[in-house]
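Number of protein chains: 2
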Amino acid sequence: MSRSKVQVLVNGYGVIGKRVADAVLRQPDMKLVGIADVVADWRIKLAAAKGFPIYASIPEKEDEMRKKGLKVEGTMVDLLKNGLVDVVVDCAPAKIGARNKEVYEKYGVKAIFQGGEKHEVAGVSFVAQRNYHEALGKQYVRVVSCNTTAICRVVGALHEKIGVKKARVVVFRRAVDVWESSRTGIMNTAVPELQVPSHHGPDARTVIKDLDIVTMAAKGSHNLYHLHMAMVEVKEKVTREDILEILDKEPRVIFVSGEDGIDGLNTIFELSRDLGRPRGDLYEIPVWRDGVSVSPDGTEIYMIWATPNESNVIPENIDAIRAITELEKDAKASISKTDEYLGVIKRVY
Amino acid sequence: MSRSKVQVLVNGYGVIGKRVADAVLRQPDMKLVGIADVVADWRIKLAAAKGFPIYASIPEKEDEMRKKGLKVEGTMVDLLKNGLVDVVVDCAPAKIGARNKEVYEKYGVKAIFQGGEKHEVAGVSFVAQRNYHEALGKQYVRVVSCNTTAICRVVGALHEKIGVKKARVVVFRRAVDVWESSRTGIMNTAVPELQVPSHHGPDARTVIKDLDIVTMAAKGSHNLYHLHMAMVEVKEKVTREDILEILDKEPRVIFVSGEDGIDGLNTIFELSRDLGRPRGDLYEIPVWRDGVSVSPDGTEIYMIWATPNESNVIPENIDAIRAITELEKDAKASISKTDEYLGVIKRVY
Numbered sequence: 001m002s003r004s005k006v007q008v009l010v011n012g013y014g015v016i017g018k019r020v021a022d023a024v025l026r027q028p029d030m031k032l033v034g035i036a037d038v039v040a041d042w043r044i045k046l047a048a049a050k051g052f053p054i055y056a057s058i059p060e061k062e063d064e065m066r067k068k069g070l071k072v073e074g075t076m077v078d079l080l081k082n083g084l085v086d087v088v089v090d091c092a093p094a095k096i097g098a099r100n101k102e103v104y105e106k107y108g109v110k111a112i113f114q115g116g117e118k119h120e121v122a123g124v125s126f127v128a129q130r131n132y133h134e135a136l137g138k139q140y141v142r143v144v145s146c147n148t149t150a151i152c153r154v155v156g157a158l159h160e161k162i163g164v165k166k167a168r169v170v171v172f173r174r175a176v177d178v179w180e181s182s183r184t185g186i187m188n189t190a191v192p193e194l195q196v197p198s199h200h201g202p203d204a205r206t207v208i209k210d211l212d213i214v215t216m217a218a219k220g221s222h223n224l225y226h227l228h229m230a231m232v233e234v235k236e237k238v239t240r241e242d243i244l245e246i247l248d249k250e251p252r253v254i255f256v257s258g259e260d261g262i263d264g265l266n267t268i269f270e271l272s273r274d275l276g277r278p279r280g281d282l283y284e285i286p287v288w289r290d291g292v293s294v295s296p297d298g299t300e301i302y303m304i305w306a307t308p309n310e311s312n313v314i315p316e317n318i319d320a321i322r323a324i325t326e327l328e329k330d331a332k333a334s335i336s337k338t339d340e341y342l343g344v345i346k347r348v349y
Numbered sequence: 001m002s003r004s005k006v007q008v009l010v011n012g013y014g015v016i017g018k019r020v021a022d023a024v025l026r027q028p029d030m031k032l033v034g035i036a037d038v039v040a041d042w043r044i045k046l047a048a049a050k051g052f053p054i055y056a057s058i059p060e061k062e063d064e065m066r067k068k069g070l071k072v073e074g075t076m077v078d079l080l081k082n083g084l085v086d087v088v089v090d091c092a093p094a095k096i097g098a099r100n101k102e103v104y105e106k107y108g109v110k111a112i113f114q115g116g117e118k119h120e121v122a123g124v125s126f127v128a129q130r131n132y133h134e135a136l137g138k139q140y141v142r143v144v145s146c147n148t149t150a151i152c153r154v155v156g157a158l159h160e161k162i163g164v165k166k167a168r169v170v171v172f173r174r175a176v177d178v179w180e181s182s183r184t185g186i187m188n189t190a191v192p193e194l195q196v197p198s199h200h201g202p203d204a205r206t207v208i209k210d211l212d213i214v215t216m217a218a219k220g221s222h223n224l225y226h227l228h229m230a231m232v233e234v235k236e237k238v239t240r241e242d243i244l245e246i247l248d249k250e251p252r253v254i255f256v257s258g259e260d261g262i263d264g265l266n267t268i269f270e271l272s273r274d275l276g277r278p279r280g281d282l283y284e285i286p287v288w289r290d291g292v293s294v295s296p297d298g299t300e301i302y303m304i305w306a307t308p309n310e311s312n313v314i315p316e317n318i319d320a321i322r323a324i325t326e327l328e329k330d331a332k333a334s335i336s337k338t339d340e341y342l343g344v345i346k347r348v349y
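Residue numbers (the numbering used here), protein chains in the order written: chain A, 1 to 349; chain B, 1 to 349.
Bound-form chain A, shown alone (with noise of 0.2 Å):
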């Protein structure tokens, strides 16, 4: 990179994007160029009044968008073609990313995608703390849905560690995003998937391949962050401490305590809140101290953990940018820079 910050361009301003939008604001060495969407709802005209440069992802949305009131700078094409963009952090909704693709191909712009596309859009599927090395100098990188990054943070730490000989995990999932009122929530029952292993094990598995996984998933009657129930066989006996020790040590994975209060989902959100995070956002795994356990025989571990869906996989965005851009070789140092600017921390008090 030539410029002394990487220009990065977010496009598509949902859950992911607005998000991916603020972190890249707070990076030193990163310059957001502005926001790209196709639509100009009450999301986009937040943003343009935030003073964010709104352009039009597609060329034929642009006048639809300046007809609502929106201030539009121009097209995402526009920033491509003249090479004012050395990133795209695709966060359109699932599937889109693919086609988005053939633009960025064809201006030579490097992409992020998101967990809602295929593996094989970017060939490289990412967790900072797994497989930051693989995604270096790379054109394409996609970073893991939420529930994979999770799996990936706390089941990839034991393995990273002792070595994991079976993962088993049931994903209790949200039914619908906290804004939606127009796509079909639940209410008053659970929901289960019924294609069983469930997406996330093989998930987890583009970013640790050796990884021997099954995931079973099910959605609740709640609107925020999804519920983890680990069931572990490790490669050699080891303790609770040994355990709470590997998880106390690892980044981005912190622990909230039954003991203490912290009883539900719900809570944790609140504690979120409490934290003064942007939109009580939480980009940690918080994993119940309490709830983790080992068998007797010390070769299975239990754990429980919450995934905040909407942001826990923000952090991840941002080293995905250092990595693919190579404004940072060093995994650890890209991910203590992102937890630094960000505000991740490893002890909530």
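The hints are all genuine.
Treat identical chains as interchangeable: a pair holds within one or across any two.
Result set (DSS-like, lysine-lysine): computed pairs, CA atoms no more than 30 Å apart in a straight line:
(1) K237 <-> K166
(2) K329 <-> K161
(3) K209 <-> K165
(4) K138 <-> K118
(5) K166 <-> K235
(6) K237 <-> K209
(7) K166 <-> K209
(8) K68 <-> K45
Rather than coming from a laboratory, the hints here were simulated on the basis of the structure. None of these values were measured; they are calculated from a predicted model.
Following the hints, put chain B in place on chain A, whose structure we already have.
Same frame as chain A, but now just chain B:
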């Protein structure tokens, strides 16, 4: 038993008690002497209006219940003392059964306890399909909880037919009972049990002694049915068809189908109401046929089922009555009678 019909008293007319009372009425070899309770709220008043003879569980409560306008026939002690009861089905709240046992003991009356009591209270924990013979002629038997009963039916069937090496089950529980508004429910969240493994695994072993099982549990934001997600390693290689055949032959286990639109706990409840069951009860364990899956190497089985927490133990209570009174010495014969009289089915359609 010298009398032609076994004389049954239901002590505790709550979620389980009222269903047991109705179920006893449908057994030609049993007679419901009456129901006993300690309060005179809407539930007991409705029972009286239905024509059930009402007794005070505790002599001291008799007057209080009468003062509230209830017709009270006498006390449970009167009945037991005069030899008018062969079996008490104790459906009092958890831990109260253990206290009531002193009274049963004093008058030498057989009793059946529910899963809220410890195994030691009865000495025999019971699931008809698994260990009917153990309860034969015993003084006390404990019908295990809805969750444990479900696990013993489904996982137990596999254990009996192919041998289970290791069962790992995650339980997403309903938060409160349908009728409850004074007890704390939860909304828009999920609350894990931090005690891992949860009690369900050890409890299943009170029935199936050699079952290697670990369970984890969390409460969801719903008030009917538990959702179970099971990952079961078996001792020999199997196909999906093998598993479907085993479950298809197992009494009190039925298949439901996501392909037919049965996608959540709520849909199963609606189906059950459409089946015409009293209170929309389901005595069977509905297993999602399209959620049954086998690992590529044929040694691990994945299953998803709903546990109708209000009603799945009702047939077990009826069988337990036959077993401890030796009204029927053969498990299959008792199960078959109970299922016929209650209308338990093997095929939904």
